[in-house]
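Engineer: Residue numbers (our numbering), protein chains in the order written: chain U, 43 to 250; chain R, 43 to 250; chain H, 43 to 250; chain P, 43 to 250.
Any given hint could be a false lead.
What the hints assert, rightly or not - Listed next, the stretches of chain H that the computed footprint assigns to chain P, with coverage defined by at least 3 CB atoms under 8 Å from CB atoms of chain P:
1) 51-60
2) 177-185
3) 210-223
To be verified - In silico DSS-like pairs for lysine-lysine, Cα to Cα no more than 30 Å straight-line:
4) K225(R) to K225(U)
5) K225(H) to K238(P)
6) K102(U) to K225(U)
7) K45(P) to K174(H)
8) K225(H) to K69(P)
9) K44(R) to K238(U)
10) K238(H) to K173(P)
11) K225(U) to K225(H)
12) K225(P) to K45(P)
13) K174(R) to K225(U)
14) K69(P) to K44(P)
15) K69(R) to K44(R)
16) K225(H) to K173(H)
17) K225(R) to K225(H)
18) K238(U) to K174(R)
19) K69(U) to K173(R)
20) K173(H) to K225(P)
21) K46(H) to K238(H)
22) K174(H) to K44(P)
23) K44(P) to K225(H)
Please keep in mind that the hints were generated in silico from the structure rather than gathered at the bench.
All figures in this text were calculated on a predicted structure; none of them were measured in a lab.
We put the beta carbon where it would ideally sit given N, CA and C, even for glycine.
So you can see what is in the structure, the chains are spelled out below.
There are 4 protein chains.
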Amino acid sequence: MKKKILVSGFEPFGDVTINPTMGIIEKLNRSHQGNVELHTIILPVVYNECANVLIEEINKVQPDIVISLGVAMGRSAITPERIGINIQDTVGEGASGDNHGDRPFDRLIEEDGPDGLFSTIPIRDITNELKKHGIPAQISNSAGTYICNNTLYSVLLHVQINQLSIRVGFIHVPATPGMVLNKPHLPSMDLELQVKGIQTVIDCLSEK
Amino acid sequence: MKKKILVSGFEPFGDVTINPTMGIIEKLNRSHQGNVELHTIILPVVYNECANVLIEEINKVQPDIVISLGVAMGRSAITPERIGINIQDTVGEGASGDNHGDRPFDRLIEEDGPDGLFSTIPIRDITNELKKHGIPAQISNSAGTYICNNTLYSVLLHVQINQLSIRVGFIHVPATPGMVLNKPHLPSMDLELQVKGIQTVIDCLSEK
Amino acid sequence: MKKKILVSGFEPFGDVTINPTMGIIEKLNRSHQGNVELHTIILPVVYNECANVLIEEINKVQPDIVISLGVAMGRSAITPERIGINIQDTVGEGASGDNHGDRPFDRLIEEDGPDGLFSTIPIRDITNELKKHGIPAQISNSAGTYICNNTLYSVLLHVQINQLSIRVGFIHVPATPGMVLNKPHLPSMDLELQVKGIQTVIDCLSEK
Amino acid sequence: MKKKILVSGFEPFGDVTINPTMGIIEKLNRSHQGNVELHTIILPVVYNECANVLIEEINKVQPDIVISLGVAMGRSAITPERIGINIQDTVGEGASGDNHGDRPFDRLIEEDGPDGLFSTIPIRDITNELKKHGIPAQISNSAGTYICNNTLYSVLLHVQINQLSIRVGFIHVPATPGMVLNKPHLPSMDLELQVKGIQTVIDCLSEK
């Protein structure tokens with residue numbers, strides 16, 4: 043039986059007026075072929091909503107694997123995240139807060155949650171597979187302290203508490219060329235290559 | 043009458059075992075359509091040969107415009123160069139020298155040449171046109187002190203001394219994704235986008 | 043009564059032939075004045091020894107606070123670490139392994155340990171205090187996966203398991219100017235300023 | 043007879059509310075000892091004034107050597123400049139223009155001036171001497187297109203046109219730690235080390 047994979051992207055936020063994860067999701071939906079049953083969803087960039095919306099969809103879809111995608115301005119490679127941590131902090135992000143104006147400062151995501159939770163997808167295999175396909179990739183040891191980390195941590199915790207047999211991961215992708223036209227010192231990656239990358243991740247996961 | 047444009051690339055050198063400028067030239071030769079008569083050549087990465095080979099081709103082809111392409115590891119955008127300077131220096135490049143092992147150290151290219159010579163293509167128009175087409179671009183104020191700068195300076199000087207009505211420019215392109223698989227912190231740009239970029243440059247020049 | 047603070051540094055490793063944390067410790071020992079009883083130790087850069095040596099010293103000294111110092115080439119500010127994670131991995135470090143040639147690859151530090159453990163010193167207060175004293179500082183969300191992270195995680199776990207009332211932190215410092223003479227694109231910070239920074243951290247902790 | 047050296051700094055501009063070159067000049071004036079007759083001046087950050095003010099001072103002082111200092115946010119080493127180029131351009135600087143609001147766009151400094159002029163101080167010797175004294179240093183091949191480059195180019199041209207036997211150079215220094223408190227990813231260098239660096243440059247020049 044085909045594995046069910048739920049892939050999430052994010053809506054635009056702050057300076058990111060076009061979020062490439064929406065484009066990846068759209069193209070996957072159109073062109074995806076293969077060994078898995080693909081489900082997708084776009085999440086709000088809001089601390090206290092992002093994970094809930096995804097968890098609702100998890101409950102509905104009952105996937106084998108959940109992969110969340112987020113964009114990381116300044117990164118040049120596709121970076122599977124190793125860990126989600128129990129913190130919400132917009133200070134380091136220099137951000138004006140999330141899309142509802144929430145601007146936490148060293149705030150716990152879950153009062154009694156563990157400090158960190160490892161992603162449960164095979165990040166090393168994925169990274170190696172991406173490189174084998176000619177796509178720059180590297181394991182990341184920090185998903186930051188913004189919405190991306192929040193989503194990863196919360197979903198990992200949900201799966202752990204409810205003892206679900208769902209594997210959970212988060213993958214940061216670079217900006218697309220169109221996003222850095224006025225910041226030409228920042229790296230970017232073509233949307234086509236990002237889509238190929240995420241398709242490669244899905245293929246890799248379908249076999250594990 | 044169609045303008046004649048001569049575009050040069052470089053052979054591999056040092057760690058750059060596949061030089062994307064060769065790929066760009068190959069694809070331009072295959073797919074180029076349009077308003078210009080395109081000529082191309084691949085240059086040796088050798089201080090005392092690079093410019094001579096190009097100048098011979100210039101004498102043969104008699105182009106209206108000469109554009110040399112080079113790869114700049116670590117750059118994230120297509121960068122038209124503003125100036126070539128009268129120096130050969132591999133110190134700053136940390137390099138093992140050129141492909142013949144020549145490793146100059148603050149050596150003049152031309153004993154009595156001017157210190158610097160501005161590129162004679164419209165670098166601002168080109169940069170704007172690239173950005174208009176969604177391609178990260180930025181004017182660069184230094185082509186370095188390696189073979190790329192040497193080629194630009196020598197050809198500009200040749201044209202100046204011989205009072206030829208040829209416009210001369212140099213454009214650095216980023217690494218391709220395949221070149222940074224083991225250096226995932228370095229930026230890259232898809233070869234397709236680089237080709238689109240250079241095609242855009244050619245289109246821009248054909249109209250000026 | 044004065045608080046007891048145990049500060050650790052590291053011996054040289056790899057390209058780091060002079061470890062500035064040794065210099066900081068030496069200068070603190072010589073010039074430290076003030077409100078705390080200062081103890082210091084230099085740790086081996088060896089995965090399966092670093093934490094044990096520090097824990098032995100903790101047992102002997104019975105400190106109120108343990109601060110480990112490590113150098114992070116490429117960082118420009120003093121960076122208190124937020125979290126230690128349960129992993130040993132030299133892949134991302136591009137390193138030849140630790141000083142005994144151990145080169146782990148996604149290896150757990152503690153088979154049944156939690157995935158991550160937050161530092162228990164007030165990293166935000168420390169960072170603010172450093173900046174108030176004119177010293178560039180920033181909370182870091184990843185201590186890497188090398189000896190530094192290993193030390194932080196293992197000591198945090200030791201303190202947690204044994205329910206000790208000891209606060210534990212890790213602070214990365216930049217390279218010193220002498221370390222980047224042949225890598226002039228890398229940032230550095232004067233040893234004097236680093237010492238002032240760590241003294242500021244100690245003063246901050248003595249009051250909390 | 044002692045050589046006369048004229049050293050210039052710049053007033054604050056844009057985000058640079060405290061210009062470290064003023065601090066360097068102040069400390070040199072107070073503590074400078076040695077083999078040269080030192081003269082100093084602070085220049086306005088205004089395209090059409092910076093060089094004139096310095097040239098007036100040159101006419102008055104009749105120095106053997108003129109060294110201008112400028113700050114380069116983002117650089118980690120002391121960088122003697124190789125060349126000044128005949129252009130004023132604030133686009134790449136992302137700046138709001140000079141201190142009089144002048145915001146040129148690919149404008150020539152001197153209508154009929156040469157495209158570039160090499161610095162006439164021994165930049166390689168200076169760089170080596172700085173490194174020998176433990177100070178990160180590197181030759182820079184671009185002084186940008188802002189006031190710093192303008193000053194270097196204009197003074198070099200003045201000296202050339204008037205056939206003066208004055209050597210002219212420009213040295214960029216990093217930000218100081220206090221300037222990057224809210225930009226902790228940017229490198230900095232202690233003012234004391236910068237002063238030691240410029241004193242080392244002066245000593246080096248006094249012997250050549």
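Engineer: All hints, please: hold or fail.
Structural biologist: Against the structure, the hints:
no.	hint	result
1	51-60	violated (count 0)
2	177-185	holds (count 4)
3	210-223	holds (count 4)
4	K225(R) to K225(U)	21 Å, holds
5	K225(H) to K238(P)	20 Å, holds
6	K102(U) to K225(U)	41 Å, violated
7	K45(P) to K174(H)	42 Å, violated
8	K225(H) to K69(P)	28 Å, holds
9	K44(R) to K238(U)	39 Å, violated
10	K238(H) to K173(P)	24 Å, holds
11	K225(U) to K225(H)	25 Å, holds
12	K225(P) to K45(P)	40 Å, violated
13	K174(R) to K225(U)	14 Å, holds
14	K69(P) to K44(P)	20 Å, holds
15	K69(R) to K44(R)	20 Å, holds
16	K225(H) to K173(H)	26 Å, holds
17	K225(R) to K225(H)	17 Å, holds
18	K238(U) to K174(R)	26 Å, holds
19	K69(U) to K173(R)	24 Å, holds
20	K173(H) to K225(P)	11 Å, holds
21	K46(H) to K238(H)	19 Å, holds
22	K174(H) to K44(P)	44 Å, violated
23	K44(P) to K225(H)	35 Å, violated
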